[in-house]
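Quick mapping for you: the protein sequence lines, in order, are chains S and H. For the first sequence, the numbering used here gives the first residue as 1, with consecutive numbering after it. For the second sequence, the numbering used here gives the first residue as 1, with consecutive numbering after it.
The set of hints was computed from the structure by calculation and includes no laboratory data. For every residue, glycine included, the Cβ atom is placed at its ideal position computed from N, Cα and C. The reader is advised that the hints may include incorrect statements.
[Claimed, not checked] Subject to a maximum C-alpha distance of 27 Å in a straight line, what follows is the list of computed DSS-like cross-link-like pairs (lysine-lysine):
(1) H:K324 / H:K263
(2) H:K91 / H:K263
(3) S:K104 / H:K91
(4) S:K104 / H:K324
[To be verified] Label pairs and their computed distance ranges (CB to CB):
(5) H:E53 / S:V66: 48 to 54 Å
(6) S:V66 / H:T238: 50 to 56 Å
(7) H:H117 / S:T77: 34 to 40 Å
[As the list claims (entries may be wrong)] Partner residues are not named here, just some residues of chain S that face chain H (Cβ under 7 Å, in silico):
(8) Q16
(9) G19
(10) E53
(11) W81
(12) R128
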Amino acid sequence: MDRSFKARLERRFGDQLTGPVRQRHDETEVRIGPGDVVPVITALHDEPEFSFEFLADLCGVDTGEVMQVVYHLWSPTTPDWLRVIADGLSREDPRVPSVTFMWKGAEWMEREAYDMFGITFEGNRDLRRIYMPPDYQSFPLRKDFYLADDAARSPGAGVRPMEQTHVPRDTVATGKVRRLSPGT
Amino acid sequence: MTATTPRPDVTGSHHTSSLGDDAFAGEPDDPRVQLDRDLGVFEPVPPYPPRTEREAEFYTLRDGEMFLNMGPQHPSTHGVLRVVLKLDGEKVVDLDPVLGYLHRGVEKLCENADYHHSIAYLDPLEYVSSLFCEWPGVMAFEKLLDVQVPRRAEYIRVLSAELNRIASHSLFLGWMALDLGGLTPILWSFIERDTIVEMLASLTGQRMLFNYFRIGGVNGDLNHEFMSRLGDWMSHATEQVEAGNTLLNENEIFVRRMRGLGKIDSKTALRMTMSGPNLRATGVPFDMRRAHPYSAYPELDFDIPTRQEGDCLARYLLRMDEIKQSLRIIDQCLHQMPDGPVMAKLPRLLRPRPGRAYAGIEAPRGQYAVYAISDGTDQPFRMRIHDPSFLHLQSVGLMMPGHLVADTMAIMASLDPIMGGVDK
Chain S
1 MDRSFKARLE RRFGDQLTGP VRQRHDETEV RIGPGDVVPV ITALHDEPEF
51 SFEFLADLCG VDTGEVMQVV YHLWSPTTPD WLRVIADGLS REDPRVPSVT
101 FMWKGAEWME REAYDMFGIT FEGNRDLRRI YMPPDYQSFP LRKDFYLADD
151 AARSPGAGVR PMEQTHVPRD TVATGKVRRL SPGT
Chain H
1 MTATTPRPDV TGSHHTSSLG DDAFAGEPDD PRVQLDRDLG VFEPVPPYPP
51 RTEREAEFYT LRDGEMFLNM GPQHPSTHGV LRVVLKLDGE KVVDLDPVLG
101 YLHRGVEKLC ENADYHHSIA YLDPLEYVSS LFCEWPGVMA FEKLLDVQVP
151 RRAEYIRVLS AELNRIASHS LFLGWMALDL GGLTPILWSF IERDTIVEML
201 ASLTGQRMLF NYFRIGGVNG DLNHEFMSRL GDWMSHATEQ VEAGNTLLNE
251 NEIFVRRMRG LGKIDSKTAL RMTMSGPNLR ATGVPFDMRR AHPYSAYPEL
301 DFDIPTRQEG DCLARYLLRM DEIKQSLRII DQCLHQMPDG PVMAKLPRLL
351 RPRPGRAYAG IEAPRGQYAV YAISDGTDQP FRMRIHDPSF LHLQSVGLMM
401 PGHLVADTMA IMASLDPIMG GVDK
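The shape of chain S in the complex, shown without the other chains (with noise of 0.2 Å):
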């Protein structure tokens, strides 16, 4: 855990975050809004004080309430993970800017982002499906798309988000949509 780095995050970035800057094990983490991508991406990549070169990783994740898109990096100025969170996403048409144009080749990771959870980024070249296949409608790795099993037919069955399946299409599934408490 870096604690000068918190502070410096703080100091740089203090009107941009939406939540506290959090620090666990080797991790810190930083909230903003999906309109502070690129300032703070930018920030973090230019300036000597950050340098954060390596994109390590960038995904999607669906809380239930809204959609997050999460990104990873890494830099020699600093032993800690950073985690920079675009927070409060709406879950109906979730738009965020793209960060290809720093990073190449976060093309494909946001291709799956938008694959798995409908995530659109805007400024990517080509943002179509990349596992599913062109003429499907669904993203799986959203919270109300659950898995067809027979886990059903058994003597547990809807216990678990995997074994409920017979949600009829087009209904929204709020009750039983698996959720992060809101600051998780």
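With chain S held as given, fit chain H onto it using these hints.
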């Protein structure tokens, strides 16, 4: 099969051959329906209008250009990958990999299995280096649970994983040569790999999908059979690795073909988010074992080999250097192996408190990582698997233009993607 050919009755009971061939007409299990069906071909151009800027650009032909479909079943694609090539004569202008033929939805499966089960789902991702797939998974869960892994378990993890790295890199050597048309090295590298894999089987119980790492430690302590096999192999390992290297390093056809092929510079490699040997072959000494130390690596002494050229030959030679470093690490592990338990004390049912954890390790192909979110239940809320092969395959498009069709295989092989991991 023509309609007049006599055909054995395969559908059983009420169908008899005396009824003639028409007896099968319209039946759902009519064998002719399967046999006479046109198997079809993959049209390189998709049957719908382009949806993105890049797709429109790729699927527009200029004068003298043509499309060529390669795969999904192609001997050189290391799995089921389809690549659409845009050619000008024999030169590749551009290419568009089409993924998803091996997609199993491992992330979703993990989100619907409990923490111990999820580990088993991780093994078949990069099936030639299974231990490296398990490792970030267990590391992320350990972080969620705040578990301290016993030191002996960390050493055993390093020891077995480095063995697996050698097995993976030896197999790479063979595949690489095979994709260039050389048959001998794969036979030799399989000898090397099988020795290691049998050794790991005596430790873990399985040859390929070891499922050995557990949350909080490893499944079992080192046993006598493993140690004796390891000792036997270590006595001539260096020699054997050298022998394998000279088979190709001094082969003029191989070296001249690989040199300058599929070049990428360090800046582009970082922008393409490449990692592992493919990044180090461009001169960036970036290795997770040193960049973000984990497990027992801070206590071990080893070098991070780099090469400056960034071409196929550099990527190949770099992996050979890495094998030597892995041997060094294994040697140190054996000498420094501490005593003690190999599992932390944990309840059977794990319910980590809500939180997030990210763990990245240095796998044979680059940074392998898992990002896990817990919501306080016994199943991970979100399980993101980051696979280096996926990103390396993406940069083939940058390395390819200007090279020949036959070189696509060489370049792809030099990046060493495993489709099981690419498609998750």
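For each hint, the structure was consulted:
1. H:K324 / H:K263: 25 Å, holds
2. H:K91 / H:K263: 16 Å, holds
3. S:K104 / H:K91: The given pair, whose Cα atoms are some 24 Å apart, holds under the 27 Å limit.
4. S:K104 / H:K324: 33 Å, violated
5. H:E53 / S:V66: 48 to 54 Å: 28 Å Cβ-Cβ, so the 48 to 54 Å window is violated.
6. S:V66 / H:T238: 50 to 56 Å: 55 Å, holds
7. H:H117 / S:T77: 34 to 40 Å: 38 Å, holds
8. Q16: For Q16 of chain S, the interface hint is violated, since the closest Cβ of chain H sits about 20 Å away, which is over 7 Å.
9. G19: 13 Å, violated
10. E53: 6 Å, holds
11. W81: For W81 of chain S, the interface hint holds, since the closest Cβ of chain H sits about 5 Å away, which is under 7 Å.
12. R128: 5 Å, holds
The structure fails hints 4, 5, 8 and 9 (numbered hints given earlier, in ascending order).
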